[in-house]
Amino acid sequence: SAMFVHTQIHHVADACLEWWREVVGQIYEVDFEPGVQGSVPRPLLPEMGSWLRSMRADALRAGQSEVDLASDCGVGFCEPVDDIWSSRALIATDFDVAKASHIVRSYIDWRRQHPGF
Numbered sequence: 019s020a021m022f023v024h025t026q027i028h029h030v031a032d033a034c035l036e037w038w039r040e041v042v043g044q045i046y047e048v049d050f051e052p053g054v055q056g057s058v059p060r061p062l063l064p065e066m067g068s069w070l071r072s073m074r075a076d077a078l079r080a081g082q083s084e085v086d087l088a089s090d091c092g093v094g095f096c097e098p099v100d101d102i103w104s105s106r107a108l109i110a111t112d113f114d115v116a117k118a119s120h121i122v123r124s125y126i127d128w129r130r131q132h133p134g135f
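Using the numbering used here, you'd call the opening residue of the sequence shown number 19 and step up by one each time.
Hint data in this document are derived by calculation from the structure and do not stem from the laboratory.
Have a look at the derived ranges for each label pair, beta carbon to beta carbon:
| no. | residue 1 | residue 2 | range |
| --- | --- | --- | --- |
| 1 | Gly56 | Asp127 | 29 to 37 Å |
| 2 | Ser68 | Gln44 | 19 to 27 Å |
| 3 | Val41 | Ala116 | 17 to 25 Å |
The list that follows gives simulated cross-link-like pairs (lysine to any residue, SDA-like), each with its CA atoms no further than 20 Å apart:
| no. | residue 1 | residue 2 |
| --- | --- | --- |
| 4 | Lys117 | Trp128 |
| 5 | Lys117 | Trp69 |
| 6 | Lys117 | Leu63 |
| 7 | Lys117 | Gly67 |
| 8 | Lys117 | Gly81 |
| 9 | Lys117 | Arg106 |
| 10 | Lys117 | Arg74 |
| 11 | Lys117 | Ser72 |
| 12 | Lys117 | Leu78 |
| 13 | Lys117 | Ala80 |
| 14 | Lys117 | Arg71 |
| 15 | Lys117 | Arg129 |
| 16 | Lys117 | Glu65 |
| 17 | Lys117 | Ala75 |
| 18 | Lys117 | Pro64 |
| 19 | Lys117 | Arg79 |
| 20 | Lys117 | Leu62 |
| 21 | Lys117 | Ser68 |
| 22 | Lys117 | Asp100 |
| 23 | Lys117 | Trp103 |
| 24 | Lys117 | Ile102 |
| 25 | Lys117 | Ile45 |
| 26 | Lys117 | Asp76 |
| 27 | Lys117 | Pro61 |
| 28 | Lys117 | Gly43 |
| 29 | Lys117 | Asp127 |
Here a beta-carbon is modelled for each residue, glycine too, at the ideal position from N, C-alpha and C.
Use the sequences and the hints to build the structure in full.
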């Protein structure tokens, strides 16, 4: 049986983008305790919406299809490259969109070669 059958795909709606910028900024800043300053400066992330749209397009160009996103791991991807996944790549690259997009494409290529969980 597939491990992530009910994995949901999350795309940040424009109405929630300001909230998402704040959440991603807190994660980057390592700011989880009220009243305690984070360990690194929080970026403003004004381009977050366009970055996420660009990375969605990169994922589709790299071969991840909407069918893959909705599949049960038997054929498609177990962990969809959605806005949460893309935000993790952005954080890991200090918000370098080119590097984060490369991570997305590399992951999709790797997952295609190594299906499963």
